[in-house]
Structures are given as C-alpha cells and as structure tokens.
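In the order they appear, the protein sequences are chains S and G. Using this note's numbering, the letters of the first sequence map in sequence onto residues 1 to 365. Using this note's numbering, the letters of the second sequence map in sequence onto residues 1 to 365.
The reader is advised that the hints may include incorrect statements.
One copy or two, it doesn't matter: identical chains are merged, so the pair holds either way.
Stated by the list, open to error - Derived lysine-lysine pairs resembling BS3-like cross-links, with alpha carbons at most 25 Å apart:
{"id": "1", "residue 1": "Lys-330", "residue 2": "Lys-151"}
{"id": "2", "residue 1": "Lys-151", "residue 2": "Lys-35"}
{"id": "3", "residue 1": "Lys-35", "residue 2": "Lys-330"}
{"id": "4", "residue 1": "Lys-29", "residue 2": "Lys-151"}
{"id": "5", "residue 1": "Lys-33", "residue 2": "Lys-212"}
{"id": "6", "residue 1": "Lys-330", "residue 2": "Lys-33"}
{"id": "7", "residue 1": "Lys-295", "residue 2": "Lys-151"}
{"id": "8", "residue 1": "Lys-212", "residue 2": "Lys-151"}
Hints are computed from structural coordinates only; laboratory data are not their basis. From a predicted model like this one, the values you see are computed outputs, not experimental measurements.
There are 2 protein chains.
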Amino acid sequence: MQTLTVALEQRSYPIFIGENLLSQPACFKPYLKAKQILVVTNMTVAPLYLQTVVQLLLGQGYIVQTHILPDGEQFKDIRHIEGIFTQLLEHRFNRDCALVALGGGVVGDMTGFAAACYQRGVDFLQIPTTLLAQVDSSVGGKTGVNHPLGKNMIGAFKQPTAVLADTSVLDTLNDREYAAGLAEVIKYGLIRDLPFLEWLEQNMAGLVARDKRCLAEAIARSCQNKADVVAADELEANDLRALLNLGHTFGHAIETGMGYGEWLHGEAVATGMLMAADLSWRLGWLQAQEVERIKRLLVSANLPVVPPATISPSQFLAYMAVDKKVLAGKLRLVLLERIGHAIVTADFPLALLEQTLAAGTELGR
Amino acid sequence: MQTLTVALEQRSYPIFIGENLLSQPACFKPYLKAKQILVVTNMTVAPLYLQTVVQLLLGQGYIVQTHILPDGEQFKDIRHIEGIFTQLLEHRFNRDCALVALGGGVVGDMTGFAAACYQRGVDFLQIPTTLLAQVDSSVGGKTGVNHPLGKNMIGAFKQPTAVLADTSVLDTLNDREYAAGLAEVIKYGLIRDLPFLEWLEQNMAGLVARDKRCLAEAIARSCQNKADVVAADELEANDLRALLNLGHTFGHAIETGMGYGEWLHGEAVATGMLMAADLSWRLGWLQAQEVERIKRLLVSANLPVVPPATISPSQFLAYMAVDKKVLAGKLRLVLLERIGHAIVTADFPLALLEQTLAAGTELGR
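All chains, full assembly: derive it from the sequences and hints.
Written out as structure tokens, the structure reads:
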C-alpha cells in the first residue's frame with residue numbers, strides 16, 4: 001500500500017493506494033471519528049461493493065445507514081442532495097456524523113457537497129470506484145451539483161478526511177470507462193511531468209492489462225501531480241489550477257456537440273488534448289513528431305484521437321462558448337509550450353485554431 | 001460612524017455602524033470588488049430601501065440585479081435558494097460577482113448560503129435592516145436554510161466582506177421587532193460583559209426611544225462581544241460559542257409550544273434568559289435581587305418575562321428536546337455562574353429545573 005498526503009494545512013488528508021483496502025480498518029478508522037455513518041453510493045456500484053463496505057464498518061462498531069442514488073449525471077442535482085439530507089435527519093444524524101462516498105465522480109461530488117452543507121459541515125471519506133475518480137475528482141475538494149442552466153454551478157470546496165483508492169475495485173470497470181480514466185492519467189504527464197509521461201509510454205501495456213503494480217504507480221503519480229497543483233492553488237485563485245483543464249475546452253465542445261453521454265468525458269478529453277497539441281504545433285511550440293508521440297500514447301490506451309466529423313469547425317467554435325468577435329480578448333486555452341509543460345494563454349491567432357478545428361484526421365500534419 | 005473588525009485572519013471583515021451609511025460609498029465600495037451585483041431582499045424591505053441601495057450601486061458603476069424573496073421563515077428553504085441561483089445564471093453572473101443581503105436574519109442567512117454555494121463561493125456583503133440582525137446574525141458567518149425536518153439544518157459558514165449596520169433603517173421597525181432585538185443586546189451583557197449590562201441599565205430609556213447615539217453604542221458593543229466569541233471559536237468547535245445561546249433552550253421550548261410566529265424569537269429568548277437566571281438562583285449562583293435586576297432590565301426594554309401558562313412543566317421539558325431518563329446525561333444549559341458570566345453545564349439537579357418550569361410568574365422568588 002502506498003500513502004501520499006494532500007498538503008492543505010489543517011485540511012490535509014491522506015490518499016491510500018493499493019489492493020483490497022476495503023478490508024483494512026487502518027485505512028479508514030482514524031479518519032472516521034464519527035459513530036454514525038451514511039454510505040452514499042449508486043445503483044450500479046451498490047450490488048458490487050456496498051455490502052462489503054457496510055459489513056466492514058459494522059464490524060468496527062459504527063452505526064451505518066446507506067443511501068443509493070440513481071446512476072448518472074442527469075441525477076446530479078439539488079433534489080437528490082435533499083434526499084440525502086432527509087435520510088440523515090430521519091435517522092437523527094447529528095453534527096458528529098460522517099458521510100462515505102462509494103462510487104465514481106458523480107457520487108463523490110454529490111456526497112462531498114452534502115457533507116459540506118449538512119449542519120454546516122460534517123466529515124466525509126471517499127472510496128472512488130472508477131479510475132477517473134481515483135486520479136482526478138478524489139483530489140482537490142471540488143464538490144457540487146448541476147443546475148438546469150449550467151454544469152457544476154452549485155457547490156463547495158470540501159476536502160475529504162481520507163481517500164481510499166482501491167485498485168481491486170477497478171476490475172469491474174468496463175474497457176471504455178477504464179480507458180477514459182487513463183486519459184486523465186496521461187494528462188498529468190503532458191502538463192507538468194515529462195518523466196511520468198515517459199514512464200507511461202513504457203508501461204501502457206501493463207496499465208491496459210490492469211496490472212495492479214502498474215496501476216498503483218500510475219494512480220500515485222497522478223494524485224501527487226494533482227495534489228501539488230491543488231496545494232498551490234486550493235481555491236482556483238490563479239492560473240495554476242487551470243492547467244488541469246488541458247483538452248477540456250475542446251473536449252467539452254465534443255461532449256456538447258455529440259450530446260452528453262455519447263462520448264465519455266475522458267474520451268473527449270483525450271481527443272481534446274491531441275487538438276491542443278495540434279494547435280501548439282501550429283504555434284511552433286511542439287514538433288510534428290511530438291504530436292505524433294502524444295497520439296501514439298493515447299491510441300495505445302485505447303482512446304479516440306479523431307474529433308467527430310459531424311461537428312463543423314464553426315459549430316465547434318460556438319460550443320467552445322465563444323463568439324468570434326470577442327475571441328481575441330476572451331478565449332483562454334491550455335496549450336503545450338513544450339511536451340510535459342502546459343500554459344494557459346489567450347495569445348494565439350484565431351486562424352490557427354480554425355486550422356486545428358478543420359484538421360479532422362490530419363491533426364499534427 | 002464607528003468601525004469594528006471581526007478578526008478571522010484572511011476572512012476578517014469590518015462592521016460599519018452609524019446613520020445613513022447607505023449614502024456613503026466608502027462603506028461598501030472597497031468590499032464589493034465585483035462588477036455584477038445581485039441585491040437580495042424581501043417583499044417587506046424592498047419598498048422601503050431597495051431603490052436607495054440599487055441607485056447607490058448603479059451610481060458607482062455596478063451592474064445590478066435584484067431578487068425579492070417572500071417574507072417569512074417558512075420560505076427559508078432550498079427551493080428559494082435555487083431561485084437565486086436561477087436568476088444569477090440567467091443573467092450570466094460569473095465567479096467574480098457578489099451578492100448583497102438587504103434585510104433581516106432570514107434574508108442574511110439565505111443570501112449568505114447562496115453566496116457560499118454559487119460557483120463554489122462568491123463574495124457577499126450584508127446590510128441588516130433589523131436590530132436583531134445587526135447585533136446577532138450579521139456576526140459569525142452562520143448561513144443556511146431550514147429542512148422540513150429541522151431548522152437551520154442545511155448551511156455553511158460563510159463570512160461577509162463587510163456589514164453595514166445603518167441605525168437609520170431601524171426607524172421603520174415595529175415596537176415588538178425592535179424590543180426583540182434588544183433581548184439579544186441584553187444577552188451580551190449577561191453572558192460576558194457586566195460593564196455593558198450596567199451601561200444598558202443606565203441607557204435603556206434612550207435605547208427604547210431609538211436614540212441614534214445610544215443605538216450605535218449598543219450595536220457596537222454587542223457586535224464586539226459576538227465578534228470576540230466568534231473569533232475564538234469560528235466553527236463552533238468548543239463550548240465558547242454555545243454561551244451565545246443563553247435563554248435559547250428555554251426560548252425554543254416557548255416558540256415550539258406556542259407555535260412559531262406567536263412569540264418572536266427575541267421575546268422567547270428574553271423570558272428564557274430570566275428562566276436561566278431563576279435556575280441559576282436555585283443553584284445558589286445568583287442572589288434573588290440579581291434575578292430581580294435582570295427582570296427589571298428586560299421589562300424596561302418592553303420584553304415579556306413570564307412564560308406562557310398554557311405550556312405545562314412536563315410539556316416544557318419535552319419541548320426542550322429531552323427525555324427525563326436521559327436528562328442527567330444529556331441536557332446542557334447555558335446558566336449564569338454570576339451576573340455577567342455564563343457557563344455551559346449539564347450539572348444541575350432535575351428537580352431544580354422543574355421548580356423553574358413550575359414557577360410561572362414567581363421566577364426568582
């Protein structure tokens with residue numbers, strides 16, 4: 001088992017990474033000082049792991065309730081947060097209770113937000129069950145829900161007391177979900193950690209085979225990178241944290257253009273990262289073979305690298321939430337100044353971005 | 001104009017106290033760095049002061065929207081918070097916007113909570129328009145809403161960037177609301193500030209006449225007392241902040257027993273404080289003439305000092321949310337160890353509490 005610490009002064013917390021953490025009380029008992037625990041999960045995860053977690057907690061003397069959400073981003077709203085509050089109050093959970101999030105990013109976001117607001121804040125502990133949640137949403141404290149007028153518009157910064165990234169639970173992920181998680185892993189190498197990128201190139205076969213040793217290393221190095229960024233910019237007060245959005249502006253356009261759920265978030269980010277690399281190449285920052293190198297790594301992780309042909313360049317620009325007239329002053333993108341080093345910039349010619357959007361299967365050529 | 005500071009490190013903020021603050025840009029401009037401002041108020045306050053505040057903000061170059069809530073505790077819920085989010089999103093308010101709370105405690109609680117959650121936190125500034133809100137809810141950062149199963153169960157600790165306690169706006173309060181605010185003013189003297197209690201005894205006639213100089217002094221000394229307590233215990237982690245609840249456990253029983261809205265909160269707290277003084281006397285901590293002295297001060301502020309005869313002692317106990325069997329181990333009350341010095345204790349004989357509850361008009365005799 002590996003342990004790393006997200007350093008946020010009094011809000012610092014450990015991330016435990018390894019196999020079968022769910023059977024090790026030392027991973028959670030010191031971080032769950034409450035007696036009353038509500039385990040929040042969803043309908044997909046519940047049949048797989050809920051019983052295990054509940055038995056483990058009961059065995060340690062906790063009073064345990066469970067709350068099962070429907071599975072999907074479309075249920076990530078205030079109504080379903082209210083349902084959590086109702087259950088907490090019906091069972092007379094007091095200010096000393098704690099919530100445990102057992103699931104992917106949506107479950108973590110919702111449980112963390114409920115914990116932030118219940119009686120003005122109770123503890124919560126995270127057991128992320130997807131690779132994406134383990135390497136991304138479990139670090140950083142961003143919690144919240146969607147509003148009909150915008151994604152993640154309502155929320156709080158709320159740090160967990162501990163994160164249990166159990167590599168065993170990843171065995172039940174389907175291949176697409178798993179690959180989508182790898183996209184964010186690759187992202188850390190691209191934006192700030194060239195040695196990690198090289199390690200990924202050497203170990204991608206093992207990662208794709210879900211080798212536990214490779215996985216633990218990839219998760220630890222990803223979380224460490226994110227933890228470093230978050231520690232330096234917890235509340236997103238400067239550009240540092242924005243680097244984590246490499247590929248996301250392009251990716252969001254793909255998700256929006258295709259309809260949410262058609263492409264997985266990680267898939268759209270993978271293609272978006274290649275598009276960012278392509279634009280960086282057009283700016284003279286990357287060499288063509290470096291774009292090719294990034295593409296090769298993404299493909300080896302079973303990720304898509306060609307934007308959907310059904311979205312025209314002008315639609316793409318619109319989905320990137322910009323008007324051409326205000327483009328120069330407004331649109332800021334995360335681009336690669338060199339491989340392994342991203343920057344946030346609004347300083348690029350619109351014409352080059354349009355070339356990237358028109359490139360289709362010819363990105364980087 | 002007086003200024004005092006609530007010292008909470010990076011979250012420190014000033015409270016300005018005086019007449020006609022709403023016409024002084026220096027009181028708000030440095031604390032509203034946003035361009036987009038949403039002023040949240042209610043239907044009672046809007047006709048009185050909304051136009052003034054909006055004109056003032058427009059005159060300083062802000063982009064201003066307004067949101068008018070219905071007036072009353074029964075609308076203090078998540079639905080109405082969602083309404084605030086919807087308006088913010090419809091007008092494309094970004095993370096750099098700010099909310100201004102113009103109203104009493106309910107408006108402040110709701111606006112602060114909305115500001116805490118909108119895009120994971122935006123600034124807010126408070127303009128409390130009741131005496132109770134000026135001396136109590138504007139200091140301390142407790143924000144939130146009710147849940148059908150409990151009051152103030154959903155919320156956040158969120159400090160404002162500044163508080164404008166304008167004594168001019170108190171002229172429009174009715175006499176009962178005004179007296180209810182005085183109950184919390186007297187509370188600060190009783191729990192931790194004997195010189196202030198003596199000052200109140202000497203100046204109550206001026207306060208009842210709403211003399212502006214007296215009012216400014218009373219508000220400043222109340223806020224300073226609360227600020228000192230909050231600075232020492234921001235997140236209610238120890239008993240210190242609990243001292244602010246003198247009279248509140250008795251008072252809540254009166255509010256619950258009579259039905260919410262029948263007695264004003266401050267009225268119930270006033271009677272509750274005299275009941276706490278009576279129990280303190282029965283414990284040998286206060287002298288009979290000190291209980292009489294407290295009663296005289298409350299009466300001079302036009303506050304009720306006799307608990308409703310329609311609530312029997314056993315009902316009273318039940319409303320105090322206790323079962324007799326667990327009483328000894330559970331019920332903690334704020335009592336007066338001596339006049340001007342409160343403590344939190346569970347160490348009192350049930351029989352003495354029952355005598356207090358049975359005393360009726362004979363409190364302290």
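Status of the hints after comparison with the structure:
Only within a single protomer do Lys-330 and Lys-151 lie at most 25 Å apart by alpha-carbon distance; the minimum there is 20 Å, versus 44 Å between protomers. In this assembly of identical chains, Lys-151 and Lys-35 lie within 25 Å of each other by CA distance solely across copies; the values are 23 Å between and 34 Å within a copy. When the C-alpha separation of Lys-35 and Lys-330 is checked against a cutoff of 25 Å, the pair qualifies only between copies, where the shortest distance is 17 Å, while the shortest distance within a copy is 50 Å. Taking the closest pair of Cα atoms, Lys-29 and Lys-151 never come within 25 Å of each other, the shortest separation being 34 Å inside a single copy and 31 Å across copies.
Taking identical chains as interchangeable, the C-alpha atoms of Lys-33 and Lys-212 are never at most 25 Å apart, the minima being 30 Å within one chain and 50 Å between chains. Taking the closest pair of Cα atoms, Lys-330 and Lys-33 come within 25 Å of each other only across two copies (20 Å); inside a single copy the shortest separation is 47 Å, beyond that limit. Taking identical chains as interchangeable, the C-alpha atoms of Lys-295 and Lys-151 are never at most 25 Å apart, the minima being 29 Å within one chain and 55 Å between chains. For a Cα distance limit of 25 Å, the shortest separation of Lys-212 from Lys-151 qualifies neither inside one copy, at 34 Å, nor across copies, at 48 Å.
Violated hints, in rising order: 4, 5, 7 and 8; the structure is consistent with all others.
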